[in-house]
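Use the sequences and the hints to build the structure in full.
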Amino acid sequence: METQTKELKFEVKKKKGFDVYTIRNDFPILQRLVHNKPLIYFDNAATTHKPKQVIETIVNYYSNLNSNIHRGVHYLSQAATSEFECARNIVKSFINARYDEEIIFTRGATEAINLVASSYGLTNLKEGDEVLITEMEHHSNIVPWQIICERTGAKLKVVPMDDNGELILEVFEKLLSLRTKIVSVVHISNSLGTINPVEYIIKRAHDVGAVVLIDGSQSIQHLPIDVQVLDCDFFVFSGHKIYGPTGIGVLYGKKELLESMPPYQGGGDMILSVSFEKTIYNVLPHKFEAGTPHIEGAIGLGSAIRYVQNIGLDEIFGYETKLLSYATGLLNEIPEIRIIGKAKNKASLVSFVIENIHPHDIGTLLDRDGIAIRTGHHCTEPVMRHYGVPATSRASFAFYNTMEEIDQFVISLKKIIKKFK
Amino acid sequence: MDEVDLLYQEVILDHNKNPRNFGELDDATHQAVGHNPLCGDHVEIFLKVNDGKVEDVKFKGVGCAISKASASIMTTVLKGKTLDEVKDLFQRFHNVLTSKAEEPVNTEELGKLAVFAGVREFPVRVKCATLAWHTLIEAIEKKNSVLTVE
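Residue numbers (our numbering), protein chains in the order written: chain L, 5 to 425; chain C, 2 to 151.
Don't read these hints as lab results, they were simulated from the structure. Some clues are possibly wrong.
[Claimed, not checked] Derived lysine to any residue pairs resembling SDA-like cross-links, with alpha carbons at most 25 angstroms apart:
id, chain 1, residue 1, chain 2, residue 2
1, L, K423, C, V125
2, L, K419, C, V5
3, L, K419, L, R372
4, L, K422, C, R21
5, L, K423, C, K61
6, L, K425, C, K113
7, L, K130, L, L182
8, C, K18, L, I421
9, C, K59, C, I141
10, C, K113, C, L79
11, L, K418, C, E4
12, L, K161, L, V393
13, L, K346, L, L173
14, L, K326, L, E340
15, L, K419, C, V116
16, C, K18, L, M388
17, L, K419, C, V125
18, L, K423, C, F123
19, L, K346, L, V393
20, C, K88, C, E25
The structure is reproduced here in structure tokens:
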């Protein structure tokens with residue numbers, strides 16, 4: 005009887021639902037003032053803030069666990085190793101990978117893409133082969149491929165997008181051929197918010213025998229990800245965009261692919277034995293994790309993922325969609341504002357330009373009202389070129405933002421437009 | 002006055018909206034292009050020097066209010082000055098922009114340029130105010146070049 009009561013209580017607690025004001029209390033930085041105004045942080049696509057649970061995990065690591073991993077026989081080293089590997093397991097479950105060793109810790113999404121480009125790309129690309137990316141890629145999913153194409157003689161092909169910021173799939177189909185060896189596509193555009201139909205892209209790419217990398221830098225914090233359902237070959241993301249620390253990221257790769265790939269960097273931890281005649285590489289995932297890793301980063305990321313799981317990504321996506329449609333509605337009412345990126349499926353960010361006001365002036369003036377947005381080309385210069393603008397202003401929302409903050413933001417924007425009239 | 006109002010003074014907003022000497026010079030003797038890749042700002046300076054003195058100057062390009070107003074106001078203060086006087090003025094302008102906000106500004110010495118003293122409060126925007134000037138100096142020192150300011 006007693007057990008039953010306890011279970012019942014637990015269920016009631018779970019059903020409490022999503023409450024943004026309770027959630028905000030978890031984020032110490034949201035309590036601070038900027039220029040004597042309450043901080044309104046709309047730069048979440050650049051980086052997210054950290055809940056106290058993540059901060060406490062890192063403090064606890066240095067206070068109680070600090071040690072090098074995978075080597076020591078002493079207590080601390082074993083405890084730290086166990087936490088580090090537990091974080092790997094959390095990531096594995098979070099994206100539903102098959103095996104723990106399919107999760108490689110990197111410095112971030114950028115390093116993960118460079119790892120795949122260097123290791124898989126250099127080994128498998130030859131002259132006449134093609135790498136397919138899209139017009140809306142972040143520079144980090146353009147430049148590594150340019151470097152590898154230059155070295156191998158492969159060609160880089162680009163899937164264009166339309167003026168709404170949606171990929172033109174008919175052209176994608178035409179560009180796909182047996183020459184296509186790698187398709188590398190952003191899941192959600194960081195400058196437009198477009199959610200790309202990656203399931204379809206992966207399936208079609210596999211039809212011609214290409215491997216697919218999905219850049220999940222902007223999707224991991226907004227959408228539930230199941231790499232087995234997606235069937236992507238590689239999936240990358242950065243920890244700091246999902247409420248975890250900077251300097252830690254993840255490369256997911258299918259085990260058989262990762263096993264076939266040569267190491268990316270040499271050093272400690274990635275070897276089984278070293279002699280001057282021959283070195284034998286370690287097994288996955290260590291083969292790709294040379295040197296002492298970002299231990300507290302990985303553990304912090306594990307804590308961040310636990311935090312997100314506790315709220316639930318369905319809840320998060322639902323609430324963030326409400327923020328997006330509220331902001332879009334208000335901005336559409338201002339005639340001087342043009343929203344850049346009008347895809348049907350969008351994540352919670354709005355890029356916009358204001359007639360005759362440069363984004364940097366908007367950014368500086370909003371900052372004085374305590375509002376942080378991003379202005380510039382967002383490391384997507386081809387996207388800016390598509391729309392014929394040098395830069396945009398971008399407000400990107402997280403689940404800790406509120407409708408009231410969006411109201412304040414719109415009031416500030418109207419003030420700025422008036423000032424420049 | 003609030004810091005941000007000091008940055009966006011009426012004069013600056015006016016020059017941003019109605020830039021003076023905007024366009025090209027067909028008979029320019031010196032010319033240079035300047036970029037700020039960080040914000041996508043782009044300015045092109047056309048300079049006509051006659052007998053060691055600035056006879057005419059024009060500019061075109063895209064940029065924020067600060068960079069546009071700075072280019073515009075710059076073109077209004079250069080005419081009749083020797084190239085050494087131009088370089089000297091830029092040096093004084095640059096010194097003020099990179100000085101501490103509490104340091105007094107010699108407005109007499111700077112003339113119209115004193116309006117940019119407020120930029121000191123916004124270190125990330127100093128490049129905006131100096132882009133046109135850097136490009137101008139580049140045009141004087143080396144003909145027909147492309148300058149990138151980071």
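Taking the hints in turn, this is what the structure says about them:
no.: 1; hint: K423/L <-> V125/C; in the structure: holds, 21 angstroms
no.: 2; hint: K419/L <-> V5/C; in the structure: holds, 13 angstroms
no.: 3; hint: K419/L <-> R372/L; in the structure: holds, 12 angstroms
no.: 4; hint: K422/L <-> R21/C; in the structure: holds, 22 angstroms
no.: 5; hint: K423/L <-> K61/C; in the structure: holds, 24 angstroms
no.: 6; hint: K425/L <-> K113/C; in the structure: holds, 23 angstroms
no.: 7; hint: K130/L <-> L182/L; in the structure: holds, 13 angstroms
no.: 8; hint: K18/C <-> I421/L; in the structure: holds, 13 angstroms
no.: 9; hint: K59/C <-> I141/C; in the structure: holds, 14 angstroms
no.: 10; hint: K113/C <-> L79/C; in the structure: holds, 11 angstroms
no.: 11; hint: K418/L <-> E4/C; in the structure: holds, 19 angstroms
no.: 12; hint: K161/L <-> V393/L; in the structure: holds, 23 angstroms
no.: 13; hint: K346/L <-> L173/L; in the structure: holds, 16 angstroms
no.: 14; hint: K326/L <-> E340/L; in the structure: holds, 23 angstroms
no.: 15; hint: K419/L <-> V116/C; in the structure: holds, 22 angstroms
no.: 16; hint: K18/C <-> M388/L; in the structure: holds, 23 angstroms
no.: 17; hint: K419/L <-> V125/C; in the structure: holds, 22 angstroms
no.: 18; hint: K423/L <-> F123/C; in the structure: holds, 19 angstroms
no.: 19; hint: K346/L <-> V393/L; in the structure: holds, 16 angstroms
no.: 20; hint: K88/C <-> E25/C; in the structure: holds, 22 angstroms
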